[in-house]
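In order, the protein sequence lines correspond to chains A and B.
Quick note on numbering: the first sequence equals residues 1 to 533 in this note's numbering.
Quick note on numbering: the second sequence equals residues 1001 to 1441 in this note's numbering.
Hints are computed from structural coordinates only; laboratory data are not their basis.
Among the clues, some could well be false.
To give a feel for the contact side, a few chain B residues facing chain A, derived at Cβ under 10 Å [to be verified]:
hint: 1; residue: L1019
hint: 2; residue: R1257
hint: 3; residue: G1344
The list that follows gives simulated cross-link-like pairs (lysine to any residue, SDA-like), each with its CA atoms no further than 20 Å apart [claimed, not checked]:
hint: 4; chain 1: A; residue 1: K484; chain 2: B; residue 2: D1004
hint: 5; chain 1: A; residue 1: K262; chain 2: A; residue 2: I131
hint: 6; chain 1: A; residue 1: K38; chain 2: A; residue 2: E149
hint: 7; chain 1: A; residue 1: K484; chain 2: B; residue 2: S1331
hint: 8; chain 1: B; residue 1: K1104; chain 2: B; residue 2: E1168
hint: 9; chain 1: B; residue 1: K1046; chain 2: B; residue 2: D1425
hint: 10; chain 1: B; residue 1: K1033; chain 2: B; residue 2: E1329
hint: 11; chain 1: A; residue 1: K437; chain 2: A; residue 2: I413
hint: 12; chain 1: B; residue 1: K1246; chain 2: B; residue 2: F1300
hint: 13; chain 1: A; residue 1: K484; chain 2: B; residue 2: C1162
hint: 14; chain 1: B; residue 1: K1120; chain 2: B; residue 2: C1162
hint: 15; chain 1: B; residue 1: K1120; chain 2: B; residue 2: K1104
hint: 16; chain 1: B; residue 1: K1046; chain 2: B; residue 2: M1220
hint: 17; chain 1: B; residue 1: K1095; chain 2: B; residue 2: D1004
hint: 18; chain 1: A; residue 1: K127; chain 2: A; residue 2: A116
hint: 19; chain 1: A; residue 1: K411; chain 2: A; residue 2: E446
hint: 20; chain 1: B; residue 1: K1120; chain 2: B; residue 2: K1095
hint: 21; chain 1: B; residue 1: K1334; chain 2: A; residue 2: A118
hint: 22; chain 1: B; residue 1: K1334; chain 2: A; residue 2: E482
hint: 23; chain 1: B; residue 1: K1334; chain 2: A; residue 2: E449
hint: 24; chain 1: B; residue 1: K1334; chain 2: A; residue 2: I413
All values derive from a computational prediction rather than experimental measurement.
Don't be surprised by glycine CBs; every beta carbon is placed ideally from N, CA and C.
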Amino acid sequence: MADGNFEPRIIAFSCNWCAYAGADFAGVSRIQYPPNVKILRVMCSGRVEPSFILRAFEKGADGVIVGGCHEADCHYISGNLRAKERVEATQQILEMLGLGSERLRIKWINANEGEALAREIEELTVKLKQIGPNPLSTGTREDTVAALEFEDILNATDARLCVECGKCTASCPVSRRNPDFSPRLTVEMALENLESEVETSPAIWECLTCGICEERCPYNVRFSDFIKDTRVEARSLGRKGNPVQAGAIFSWMRMMASNGLKQRKLGWLEDGLQIKHEAESDDDIMFFVGCLPYYEVSHRQIMPGSVQIARDSVAILNSMGITPVLLPDERCCGHDMLYSGNPSVFEALAIKTAEAIRKANVKRVVLSCPEGYLTMKHHYPQVLDGWDVEVMHITELLSEGIDSGRLTLNKEISAKITYQDPCRLGRRLGIYQAPRKVLSAIPGIEMVEMNHYGPDAICSGVSSWVNCGNVSRSIQIERLREAKSTGASMLVTSCPKCLIHFRCALSGKTGTDRDEIQIETRDITGLVREALI
Amino acid sequence: MTEDVLIIGGGVCGIQAALDLGDKGFNVWMVEKEPSIGGRMALLDKVFPTNDCSICILAPKMITCFNHPKVNVLTCSEVEKVSGSLGEFEVTIRKKARYVDEKKCTGCDACTQACVLKGKIPDEWNEGFGTRAAAYIPFMQAVPRVAVIDPEKCLYLTKKKCKKECAEACQRGAIDFDMKDEIITRKFGAIIVAVGLVMFDPSGITEYGYGRFHNVIQSMEYERLINASGPTGGHLKRRSDGERPKRIAYIQCVGARDLRNGHPYCCSVCCMYATKDAMLAYMHHDDTENYIFYTDLRAFGRGFDEYIRRGAQEYGIKYIRARPGEITEDSVTKNLYVWYDVPGQGVTNLEVDMVVLSTAFVPHPSSKKLAEVLGIHTDEYGFFKASDDLLAPMDSSAPGIFIAGACTRPMDVTDAVTQGGAAADRAAQVLTGATGKVSVA
């Protein structure tokens, strides 16, 4: 398979107490093992986050070993069990990415098991020689897209029109909780040409880019774009905020921009769902799955329901007589890269996605994710020449289906529900009615609105996977409280990420009386599918 | 060729123009859409910067105008068609059926008392506070003080389902359900347009909750509430519970200086009238706390800046430089929280009993059609546009048609009166010029 000269590069994360001591033991005992391994000491295998492993592969490692103490031997009680769970999840990610799960191993090695360590390294080296090198292009990716001049950002976002009235800050859910973040002061500083102060400020990573400030700004200052564009230069200065899951999510997103990758991400399809891999006519619709299968793994602890959204979407489309096009190697849309200050990777992803869509002869794309929708509808035309694909959110398609009679919802679901307007779908694209129309078409559903709805809806607290912390949690809890106080028994959203954030908030410590916030959370596609039968 | 002048709009601006021209000896016709002249000023409580009673200074002008031997006032009337040019405009006016004979009616109110819909129709003259009947006199000081029957609400006129109690009650036999719209075609030498403005409807600015929260009102509603002849007899009351508000927040520039809804201009009067409103609340009860949230305090006229200073020093008004982000409501007390940013300190909120939105002045909805009928230009917002803003501010884009008052831009009473006089002078000037006379009267 691989040529004979291929020498795999292996990273072995080894716990201080057992595996690393085992390596020492192997050394002093002169036990031979292949020189392909680089051993990195960590205090506990439980310290090895998926981001470490993914980063190693992203940087060109061909294989990774996580070495820890035998079960029940962990010096931190259960760090090794945690490591095992993480490694298994990361294997699933590697499998979807097409790198293969066998490149990653976990091994319990005692301080006197130098021989076992050597065997493990040997085995993996042989295995890797069989399956060949890491297909990702290696090394550090060069930024191909330069940051905009600060002047140009100010002009393009109409920041110069600001009259410093403070309506933005007074509207911002983050500012209300974190006085260090203020859209008003950020723009004021920018207008005073304090460019580097703005760019190096940790505050710019706090912004949710949820757009409530610009929705309310009397002078239409586009603060979300201001933040998006300022983060590019900030990133080049070494700032990056606090990426969620220590950047594991960004890691796989960046990997998807790589040429060599060939994903296998349709494993979630269940029997009976009809799909195809190529459009046969211009009317054919592609369902863009996006990151849903990855989130199912990365957020496994909170039951994100991500893959179910994909299954439900396909089932609903099937019921409307549509066999959607799904691509096994569909790439990330690039939204999170774009909004976290990495337009180079965004552009690479956009180009790859557009190429794949063109190859599959697809003219229409439907998404269940409002972020992907915004990206393809609004941002792709900014970077792609000749992007003429029609893009729609699934709620728009369903709303049309109700009008044309293609979608019939017969099964009664008697529930009082309230609806979370996702910021991308609502404020950014103005789609408020379609999801409400779909929900109202379900027999038995009673809709109630929260205090903040439509253009005033409050964000679910995290955006583009940066800075998920106390402020996010507080926003989520408040929002859940608002949902609960409507008397509804269910909070429905049409954004897989909103769903993740709310479920995450409900899964942890809430710092409040749980009865005040506990509410069932669901994606709109789940309800629609249930009403089909 | 005629020297008669048509004035469209019977507010303070039109009244001033009518009086000036009438006094000069011109025959003036005034066409007013509503059943009474007086316009917006007739509904205000006090006017800045002198805190004069608005109707007290306007009513004598209204009556003088109505009774002026040279001025013919047509109420419930609209201009439908205009042709011709300076000196010989041919104008078609629709005088809508009032269903009450103006000559017979004494304004005794008997029809209102008899009307079966009494107390059932929200009173638009009181901004929806209070009610009226289908047969009614718009407001206490209406001129002419003559009843009118609302053809859209009257049960007899809409469904023939009423025993006409009003007609029975009227001792003068003034009520005439057979009355028909009258079409009048007449020649005029010049036309003055002074149709005024309306207030911006703030319900689209959802963050402030107007229409959703009972105790968020807009400034014109406040004027009626604090007005002694208004629906509450001048007692400020909360819509939610009828209690007197002790803490009032005024939010400036609602819908004005706002690019989102096409009103980027400053309305020039709101800083002043909010101060006046706050002063009035304090005058009524000196334990009232008033908070004015402003974008920039614009007090540029004679005595204006002093007025604001007085507001702060003598009336305890607190001026806060911020546009609030949103208003939230306490679902139990119906009190309101005004969320705003204090630079350097962060976001805070102020609990108040009532919020008054100082809403933008926007062109009257009839302006658009009127501009088409008259063949004159409006600006991008719908205000009538002068042929030359600097050197001919009263001249519309068509010779012989003049524009004045708040239908040209937001302005206060002083400016509206000044413009009414200026437009009258311009009309007199072109007409005497056109007929070759040196002067009239």
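Hints, one by one, checked against the model:
no., hint, result
1, L1019, "violated, 40 Å"
2, R1257, "holds, 6 Å"
3, G1344, "holds, 8 Å"
4, A/K484 / B/D1004, "violated, 69 Å"
5, A/K262 / A/I131, "holds, 14 Å"
6, A/K38 / A/E149, "violated, 42 Å"
7, A/K484 / B/S1331, "holds, 14 Å"
8, B/K1104 / B/E1168, "holds, 15 Å"
9, B/K1046 / B/D1425, "violated, 29 Å"
10, B/K1033 / B/E1329, "violated, 39 Å"
11, A/K437 / A/I413, "holds, 15 Å"
12, B/K1246 / B/F1300, "violated, 30 Å"
13, A/K484 / B/C1162, "violated, 50 Å"
14, B/K1120 / B/C1162, "holds, 15 Å"
15, B/K1120 / B/K1104, "violated, 27 Å"
16, B/K1046 / B/M1220, "holds, 12 Å"
17, B/K1095 / B/D1004, "holds, 19 Å"
18, A/K127 / A/A116, "holds, 16 Å"
19, A/K411 / A/E446, "holds, 14 Å"
20, B/K1120 / B/K1095, "violated, 27 Å"
21, B/K1334 / A/A118, "violated, 73 Å"
22, B/K1334 / A/E482, "holds, 17 Å"
23, B/K1334 / A/E449, "holds, 18 Å"
24, B/K1334 / A/I413, "violated, 34 Å"
Hint compliance for this structure: hints 1, 4, 6, 9, 10, 12, 13, 15, 20, 21, 24 are not met, and every other hint is.
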